[in-house]
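Enquirer: All chains, full assembly: derive it from the sequences and hints.
Protein chains in written order, with our numbering: chain A, 381 to 658; chain B, 24 to 323.
Honestly, the hints are just simulated from the structure, not real lab data. C-beta atoms are modelled at their ideal positions from N, C-alpha and C, and glycine is treated no differently. Hints are supplied without guarantee of correctness; some may be wrong.
If you want a taste of the chain A side facing chain B, the calculated C-beta under 10 Å gives, among others [to be verified]:
#1 444
#2 461
#3 466
#4 509
#5 632
DEER-style ranges, computed between Cβ atoms [as the list claims (entries may be wrong)]:
#6 B/305 - A/545: 24 to 32 Å
#7 B/115 - A/571: 39 to 47 Å
#8 B/223 - A/429: 28 to 36 Å
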Amino acid sequence: MKGYKKVIGYFIKYFVLFLTSIFVLFPFLWTLITSLKPEVQIFAIPPIWLPDPVSFKNYIDAFSSGDFVQRFGNSVIIALGSTLLSMLIGIPASYGFARYPYKGSKTVFLLITAVRMLPVVVLGIPMYLMMRNLGLLDTKLALIIIYIPLQLTLNIWMMYGNFKKVPGELIQASYIDGLGPLSTLVRIVVPITVPMIAVATVFSFLASWNEFFFAMLTTSSARSMTLPVYIAGNITSQRIFWGRMTAMGIAFAIPAILFTLIAQKGLVRGLTAGAVKG
Amino acid sequence: MLSKTATKLGSREKRSGILMTLPAILVMIATVLYPIGWSLLLSFSDSASVFSGKFDFIGFDNYIKAIQSSDFQNALVNTLKFVACTIVLEIIVGFIVSLTLNSQPPGHKVFKLLYTLPLMIAPLVSGLQWRWMLTDQYGVVNNILSIFGVKGPTWFANPTSAFAAIILANVWLAVPFCILVLVSALLSLPETLYEAGRLDGANLIQEFWYITLPQLKYTILTILVIRLADAFRVFDIVYVLTSGGPGNSTEVASTYIYTTSFTRLHFGVGAAASFMSLIIVGIACFTLFKLMGDSEEDVM
Chain A
381 MKGYKKVIGY FIKYFVLFLT SIFVLFPFLW TLITSLKPEV QIFAIPPIWL
431 PDPVSFKNYI DAFSSGDFVQ RFGNSVIIAL GSTLLSMLIG IPASYGFARY
481 PYKGSKTVFL LITAVRMLPV VVLGIPMYLM MRNLGLLDTK LALIIIYIPL
531 QLTLNIWMMY GNFKKVPGEL IQASYIDGLG PLSTLVRIVV PITVPMIAVA
581 TVFSFLASWN EFFFAMLTTS SARSMTLPVY IAGNITSQRI FWGRMTAMGI
631 AFAIPAILFT LIAQKGLVRG LTAGAVKG
Chain B
24 MLSKTATKLG SREKRSGILM TLPAILVMIA TVLYPIGWSL LLSFSDSASV
74 FSGKFDFIGF DNYIKAIQSS DFQNALVNTL KFVACTIVLE IIVGFIVSLT
124 LNSQPPGHKV FKLLYTLPLM IAPLVSGLQW RWMLTDQYGV VNNILSIFGV
174 KGPTWFANPT SAFAAIILAN VWLAVPFCIL VLVSALLSLP ETLYEAGRLD
224 GANLIQEFWY ITLPQLKYTI LTILVIRLAD AFRVFDIVYV LTSGGPGNST
274 EVASTYIYTT SFTRLHFGVG AAASFMSLII VGIACFTLFK LMGDSEEDVM
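Expert: Rendered as structure tokens:
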């Protein structure tokens, strides 16, 4: 009787897990499969499950046009540039809020983390108009400037808890060794909090790499357009270029996936920063 | 605890706190506070101010125009419907999966890894994937349904199924977040509570209702705050999947404000509408935060 119950239990558990895994994995797999099909097979009814033969034509088309490669480059420069700057500003800020509170610092910290909740359209209108007035529309610089606060609100919040947990004795000891607060941060605290910093970096990178709304608003030409905007451009009023678009979508997702896997272990900790007690 | 450490800190420490946080504060003032303030002025000005460069104040006209516009009302109702549906689904699926994972059947770690995939995928790409899968004739979803003898809808031609499509694409993106956060919260629950429950003869449902759920109140509220704000500002998915159609049946606040401002060039009305959305999100998040504060006291 007991064994029988256990089998049923396992059956239900794996049923739930497999069903949800299919839901999670299938859209991505189907995009991948579509991207590896020649045009005729993409539009076959009923659908052909596996491409036969596997065709890399969509990828070759995408990468052989200078357009895609250039947008790829723009995305890399903007994502790395904004991530680097926001981490350089965010690490000391998060550490400062965590370890050196001053009058009103708690409120300022809460306000900065609340920026994460802001509907993007609230910023969209003024950002577009201000960039236009500054003559920065359609530049990589404009997007870097726009992404930095969006990343700061994330990374300051994510690293805060970890900086709070650094043992006070360690910091006291480094004072005794004659280090100031800033050099303590650089030489003592940063090295022991690298895992969390890596996670915050990954999330900051993703926020910039995957961003579409502001990129669509402010960029219009090859010199600054990022990949999401370019990929969405495959939807035209006449038709949608599914083969090319799925190939571009996969090529666009791969750097994000690789980058995230680097910090895989700490990923969940990053997500749950503040959400789980103890 | 906080005040104790604060008194221990010398003036040098206080100064370093200010110095370390100052760059971030200045950046936030320049790139968030200032633009928002500027946009607030715009929301009380004639839209032509944008082009003349001088604010031409017209009081609450833009707000009144937005509130009275049936398009904005429709967009707000749709947004609230969207937020409610997507969050309820996310939480339910999140709980079912995380409780299953928490019982740690062999291989649960592999599943946990698989669930992280959508976290890395751009909302835009999620929208494209679902648009492709739900396409009318070539769409794989309807073809799979037909294997089971179900005739799938023409997804984007019908208001209800178009709405279901944006919810599907959004749940796909957000459910992993709920799963992973809940799993790690479940892990942190003390086993002794459950032992006590079992001694009292609690069954699985009672265990969930009387032990797990109350203990997770803080986590659930945090998920709600984050997901509510994210769902409320949904843009990418709607933009690629339906562009608000058919008709305006899937138009949400963000897409309405976008079209009003950037297609019709009514920047003043758009700004006013954006601040009304901000107020709604603000009130909702504030209420949840309040509840969170209370739950913190409960737990302690």
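Enquirer: Enumerate the violated hints, using their earlier numbering and listing them in ascending order.
Expert: Violated: hints 1, 2, 8.
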